Amino acid sequence: MTRTRIARGGMVRLAAVAAAGALVLAGCGQAENLPDDEPDGPDPVEDAEEAGAEGDGEEVTIRFSWWGSDTRHQMNQDLIDAFEDEYPHISVQPDYTDWGGYWDKLATQTAGGDTPDVLMQEERYLREYASRGVLANLNDYDIDTSAIDETLLGSGEFDGGLWGIATGGNVRAMIVDPQAFEDAGVQMPDDATWTWEEYAEITEQISASTPDGVYGTQEYGFIEPDLAIWLRQHGQNLWNEDGEIGFDAELMAQRWQMSLDLIESGAAPSASESLELAAGGPEQSLVATNNGAISMFWTNQLETLAGVSGRDLQLMRYPGESQFERTGAFFKPAMALSMSADSDHAEEAALFIDWMLNSQTAGEILLTDRGLPANLEVREAILDQLSDSEQQAADWITEVTPEIVDATPSPPTGAGEVASLLERLNEQVLFGQLDPLAAAEQFIEEASAITGD
Amino acid sequence: MAAIGELSALRSKKGQATRAPSERNDGKAAVFFLLPWFVGLLLIVAGPLVASLYLSFTDYDLLSDPNVVGLDNYVQLFQDPRLSQALYVTFSYVLVSVPLQLAAALGLALLLDRGLRGLAIYRSVYYLPSLLGSSVAIAILWRQIFGTNGLVNQVLEWFNSVQPLIQIGTHGWVSHPDYALGTLMILNVWTFGSPMVIFLAGLRQIPEMYYEAASIDGATKWRKFIAITIPMLTPIIFFNLVLQLINAFQTFTQSYIISNGTGGPVDSTLFYTLYLYQQGFSNLNMGYASAMAWLLLIIIAAMTAINFFVSRYWVFYDD
Amino acid sequence: MMTDSTTRQAGAAVAQVAIAPGPATALPGSVPAPLPFARRRKGPVIRRALKHVLLVIFGALMIYPLLWMVASSFKPDALIFREPGLIPSEFTVDNYRHGWNALLHPFSHYLANSAIVVAGAVLGNLVSCSLAAYAFARLNFRFRGLWFAIMLMSIMLPIHVIIVPQYVLFSELGWINTFLPLIVPKLLATDAFFVFLMVQFFRGIPKELDEAARIDGAGHPRIFLQIMLPLSLPALATTAIFTSIWTWNDFFSQLIFLTNPDMYTVPIALRTFLDSTGQSSWGAMFAMSILSLIPLFVVFLFGQRYLVRGIATTGIK
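Protein chains in written order, with the numbering used here: chain A, 2 to 454; chain B, 7 to 325; chain C, 36 to 352.
Isolated chain A, as found in the complex (with noise of 0.2 Å):
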């Protein structure tokens, strides 16, 4: 596949620039007289760094864009440094922010032509991007994947290129507060066998016989993996290979039930409270506050919900995953490196992300920062190395692998869409608006509708 990059955002170009551009000459020769013509002058940083570059013809800057917050900011200072001590021509520069202003600030470079080098990759995100050719087909470099988890690659891989690689890889757990579980006098279930049924007793029994505001699960429906599981436990799957919708309505429209039902009883928050839940992300979750026995997020987050609750949490399969036709739990890609394909140093920046997956010395930088390492020999090589709650989830990670059937197919251009077509439609559902089968009939139309075209 070839495609002519020349032209990326040509239009938009010749359409601002047009307008301005042609007024530019008539505006020009006047602003001489400006009164007040002095902007406050271009920044020193820049300037050094500009003057720096010329210094040595073979040196060259490549620019690696991520999200996160200030420990994964400093971890990737750290990395950078690491990589320029060992390749000293190059230079990486950096250009973080948080998750909600990256996306903005990535879609805005491309439309500008200025796509960074290497960047940060999420699979909602992964297909639009590729498919729209903006991103390298990174088999055509020279970066070695052999020791990389299989079905985390295989994240990646699609129309017949490898666009971006999964660093790391987590799993979707119920966690857990056993101290909630031993307050109300109810009995740790085997999370080997438990069923649904058992899921809504257990819960409904916490809530029962604690204090109000403390909840036994905390059930905000759905958002995608919840559903994922729930469906792949069924044999089915949110999208199929060819990108379509991959399961039945009823399905859908059962484990929306069950949210409901769980409401309904007692055993999970109020659908408003369940909002204010989901909206405050791990910090605020009700095992965070020590306002409930179960919480559903990554592998990655126990670390999180560990510090902040202050108890010793542990890490629960999803109920039913021995109940139907097979095991809903996957390994989810997370954080994968892609390159941009417009590049002017291409063969650099393809070094670069070698090195962060393959090199021992990043994979000791990062740990788990981007979830359990998706390079099966850094992984091994740094698990003595983690901070106990890490450890845990490597561990959990390594007992529940082996029940992993599969892993699930990628998502289409316009997931991102869907994402949120999900939420809005639970938030229907929760507040009684739309009965479940109706709601899961309206999104299987609208989803098919966004991702057809």
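Hints in this document: simulated from the structure, not taken from any laboratory. A quick note: this is a predicted structure, and the numbers were derived from the prediction, not measured. C-beta: ideal position from N, C-alpha, C; glycine also. Warning: the hint list may mix true and false statements.
[What the hints assert, rightly or not] Facing chain A, from chain C, some residues (calculated, C-beta under 7 Å):
#1 F116
#2 L138
#3 L139
#4 V157
#5 V199
#6 Y202
#7 S206
#8 L208
#9 T294
#10 S311
#11 S315
#12 R340
Given chain A, put chains B and C in place with the hints provided.
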């Protein structure tokens, strides 16, 4: 208006030196004074404006080049149920919160104008919410205060328990679709600081000579307020009205931070601009978002034009 | 005090030009009028007390969020959401220590960057918007109404559809990752809000003053500098205050136009404490938010003095 008539009469005492030759043309001076603005218009404003108009006739996903699709985006505007919801949310918000906020701002500006000890402190405290405005920290706070177990509900429970007559239900004030928009309206009133400061500046601007003249004529305080303060303040009231309206139609941040960008629960806080942002950046339909923006521009421009037209009947200019 | 001397000078200028038309009504004022403050002091004590009580009660509502933020900034991360009350059960200054150093630069670096952007923006808006406003308020020229409408139109399109073409434009100019996209537009009066604001204030200044100056042989530049600007001190203060605050808090355009962490400003830096998909440093974010509020608060406190000392009240004596 009687008040304006009175003020005019007052002013006419000042003699006839005021008559300005209205036919005078200051073209050359205007070029000088408008030069920066003009350069800015041509260099920075016009290009992106025209570009967005062009994009509104295209299918543009930001990641690849736009394809011209004619009027498709505009046709789609009229078939989009979420757009109707966004219009409904935005119009209700504008109609309720703009007058409320302006009333609060004007009232407090009058109260904090002069004649009280500790004015600077009061002003600063009342301006604080506008300083904090849209910070992430505030979003967290709102969810805590208006949450199901939040401060508001605790106060209400206490209130319900101490007296039997008025019982107010407790809700998740920002997480329930029936109440979220109302809560945002109240929150908006709370940030009346900016229009308040503008009103304060306006009050300072009223020449003292009018009050002195009126005092000589034996006018009461109330009379002076009605006959001088209010008419002289009308250009500023008008300004605040026009700008608050323009801003309210583009309200984005409040809902963005409180609903995590979703406009939820159930689209109950889906402001027009938030939906536009979702379409443009989350769904990568920038062509459609641009068409939405131009529809919004037409709506706001129409509202502003009406405002300017009506202003002839109530805004008093000293020129 | 600078405030006072500026005020006096400006006042003198007004007095000079104003004496010529000599409005009859102003003559008695040649005996210094009693200050309004002193005049109203005689009001009933109870009413004033009541006013204060009400203002304090509302003030408490206004200030609660700030108190909460301050309280949270002194709590260990783990307690911020577990104990949402105002009084922390455990007190720590770690958030400040950690927050200051948690990012790639000490936080002062971001404060300095923001200060540069704000200074440029304030200067730009004060100069360019007042120039444009003078033209719209006082000059007769062709298509004035149309130009004014175009100016207002430019703030009716949401930033989200403008930002991408703007990015392309600035990228062509080589301005990405500099402060130019944040400052130059202000120097070119693109902030229609303030142009309109000043138009309204300029129109509130009695025209007799410029007519008198004209008779004295002053041209537009002199009228603008010696009458309009000094008499519009409250409007200029308002412009400076709002420009500072809005620029300081503006997240979106700074996020898009600044790509190198060396150039990051306060709002971007604050956001980098948070990650909705992983671990966030809430305490550090609160602590640095509080710190970054202090300069704003100082700007407001300082600026609002000019609202108090607006010279128009002294009028013509």
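Each hint tested on the structure:
{"no.": "1", "hint": "F116", "in the structure": "holds (5 Å)"}
{"no.": "2", "hint": "L138", "in the structure": "holds (6 Å)"}
{"no.": "3", "hint": "L139", "in the structure": "holds (6 Å)"}
{"no.": "4", "hint": "V157", "in the structure": "violated (11 Å)"}
{"no.": "5", "hint": "V199", "in the structure": "holds (5 Å)"}
{"no.": "6", "hint": "Y202", "in the structure": "holds (5 Å)"}
{"no.": "7", "hint": "S206", "in the structure": "holds (5 Å)"}
{"no.": "8", "hint": "L208", "in the structure": "violated (9 Å)"}
{"no.": "9", "hint": "T294", "in the structure": "holds (5 Å)"}
{"no.": "10", "hint": "S311", "in the structure": "holds (5 Å)"}
{"no.": "11", "hint": "S315", "in the structure": "holds (5 Å)"}
{"no.": "12", "hint": "R340", "in the structure": "violated (25 Å)"}
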